[in-house]
Amino acid sequence: MKESRLLRSLFIQKFLINKITWLYILSGGFVLSTALLGVFISSVHVPVPTILHIVLDNTFGWGWLNEVARNEEMIIWNIRLPRVLLAFFVGASLGLAGAAFQGLLRNPLADPYTIGVSSGASLGAVIVLFFQFTILGLGNFTLPIVAIVGGFISLLIVFGLVRLSSRSLAIETIILAGIIVSSFIGAVVSLIISLSDQDSMTQIIYWLYGSVGLRGWSHVQLILPFMLCGSFILFYHYRELNALALGEEAADHIGVDVKKGKFYILIGASLLTGAAVAVSGSIGFVGLVIPHLVRIVTGPNHRHVLPLSLMVGGAFLIVADLVSRSIIAPEELPIGVITALIGAPVFALLLIRERVGGERR
Amino acid sequence: MITVNNLVGGYSNSPIINGINLEIHQGEFFALLGPNGSGKTTLFKLITGQLPIIKGDIFLSGKEISTLSKLEKAKKVAVLTQEAQVSFDFTVEEIVSLGRYPHQKGLFKQLSRVDWNVIEEVMEITNISQFRKIPFRMISGGEKQRVLLAKALAQEPEILLLDEPTNHLDVKHTFQMLDLLKERQQSMGLTIFSILHDLNVASQYADRIAMLHKGCFLEVGDVDNFRKTDLLKKVYEVDIKLGSHPTISKPQLLMTPGYHQAEPCTRFENSYQIHQTKEYIHIQFDHPLRTISNGVIGDGIQWLRHFCNFYVDKNYNCSAPDRDLRNWMTKYAIPYEQAVGMMTAVQLKDVVIRHEEFEGIQMLAVVTAGTGNAVDISSRTHSKVSQSVGTINTMLFIDSHFTDGALVNGFMSATEAKSKALLDMNIKDPHSNTIATGTSTDSLLVGLTQQGEKTPYAGSGTTVGKAIGQIVYEATKEAIQKYLQRVQTK
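Chains S and A, in that order, give the protein sequences. Here our numbering is used: the first residue of the first sequence is 116, the next is one more, and so on. Here our numbering is used: the first residue of the second sequence is 312, the next is one more, and so on.
Just so you know, the hints here were simulated from the structure itself, not pulled from any lab data. Small disclaimer: the values here were computed from a predicted structure and weren't measured. From the three backbone atoms N, C-alpha and C, an ideal C-beta is built for every residue, glycine too. Don't take each hint at face value.
What the hints assert, rightly or not - For lysine-lysine, the following DSSO-like pairs were computed, each having C-alpha atoms within a straight-line distance of at most 27 Å:
no.	chain 1	residue 1	chain 2	residue 2
1	S	K374	A	K416
2	S	K375	A	K420
3	A	K660	A	K589
4	S	K134	A	K416
5	A	K552	A	K525
6	A	K660	A	K793
7	A	K642	A	K731
8	A	K366	S	K374
To be verified - Interface residues of chain S toward chain A, partial, derived using beta-carbon atoms under 7 Å:
no.	residue
9	N133
10	A358
11	G362
Required output: the full structure, derived from the provided sequences and hints.
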């Protein structure tokens, strides 16, 4: 009896491992196919073999065509490819950070923007756009760097507030401090917008909508280290995120250093959020919807929720970007509008489906 | 296992625990009791390190707790609390596997084969394997608590700390849970330190108890400390009486509600009805009486309202008299759970019913008597149970308030009076040819209304004892006379 039960459970485990493996393969395929679509499709038509040649030639030196038009190479290599990669990195960062924040704050409504890091980053960017300054030696990097610094300053303010009001980094206090900081900074941003002239106002608003276009390789290089670093920190703490679902006291009882865990998870998720906002503006809905979507398929275990949120988030943003630039081409829609337009109905559908499914069970 | 020395601690400024010494041994089930706010949970939090120690120290298997890392502590101590809130839809299996946290190794710590074996085993023990893939929030409260227990056991702890583990469980799940823990304690030598609220449950499961009151221990020791009801009254401010479990020797406690119990306003003579037929006599009271009896059913000391004496043929097959009595009572719509049932082969029309008053105490005696099986209890000859009509059934109801001791005392007085009646009637044991003291199957009940002043004695030295003697003597004598007349006229 016991034997057979054990065997069956092993079988179930194996089956589950297979299911999870398939999910990874599927997500990987999703990422790859959206990336290819993102590179292939645009208002300027370039034949697919030419595109493949340009990409492979520039990355591995595996080109086979002799004659490629200079402007085509420019478009593919310097505009389209970094755009797709940036979309992937930003989406991946937001998806992963969202999953981490929801797990950490034990709140399904949390997203990367809940605790105010993004507001800080936005404020940094808005200040740069308003004063139109460049820091010596940074050049075009001025805006993202200032934005990242802004994000970190706001994180420090949030930490300070939490520490002053409660000794133990209580979740409720973190959320409240985040809301206080966000709304205050939001007010400052609005103030700056209202004080600015027509020109920079348009620029600021457009930036706030979010976009991954016209950023080039520099921004890809900028976000990459933050993303790697933040992802590593979060992946390393997946068990702590799982344990926190029991509540902090119970997590402490099974040996989790709750305070340290929370601190590192906050840092990791803030790195991802800050960098993503700095290079692309505040793109909503990815960090909220993607982790939910992933959880519905994989269950809440962060061991899989985190990497899959990263992959699906990235691929989703590539699609959103593709839609935003092709739907009324050659004009572009703000990508944040598209994520919300796709994300909200999908989210609603999932909610309804889960509710119906839950009742049937 | 756990040693606590002069512990002072709690929330800063105002310590809740004020100097506690405690030694919990390996393999012991130790229960911590005390009213709300006495500091039980605070003591637990000091042991788990969630609250700061102000003074004193705590050792876990010989090591000072501040020298243990969180992981080391989690390998030694597991905690099970009363709350069961889990965010997100984690499955039962995932929750249990979280208990392996302190044992996991490697960079991206995954569950090893050993971990899975432990998880399987604890799910088997706690009987939750069948829910393994079900989301935690979908199962019932009792099942949730078993899952959390499995999680705690998955830590493979030496010590299990339980903070009111059965708090909102029903009786079934409470006992299931505690049986499981007790089994684990006895078979694996698990040390259990549990906060319990239910004194009777603690008495049945704990090896030793500590009574916490205002941050200090009032009593530490075995469960017989529960016999100190004065102490319990002081701690809980509730009138607690010591009772006894019919089969388990551990003390059991009975709480008396503080509200005023409405007293029956009817006078004794109006508070009962006698219903008599050829088959049975049924005396029914408005209110339950504190009754001592050796009836076929309703024996011992109980609160009962219905008192029945059933006529049976003298050749009655008494293989299952209690079942028969229940059937008959059901037939006549008498609730047998609230009844004393006797049986007799004496003609019920020969019953003697006396209602008398002795110095202000109202009494009712109902006696049927047959002396065919009269026995002298002191004679050496052993009489076989014969099939003749012969049993004396006495029911005595008194409008007074007896302690349990007085009840037994009254029972004795009634028996003595019956023997005296047999003596005066010159009833003899046919085998020894000496004066009989009773018959071989006499039944007696004494029922008290428990009104008025409480009386601790009802022996022959007291007024009420004398009264019992007189009424039982007179009634029994009259009943025997009626019996003898009937036998002679036959």
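Notebook entry, point to check: Quick check: which numbered hints come out false for this structure?
Noted result: Numbers 7 and 9 - these are the hints that the structure violates, sorted from lowest upward.
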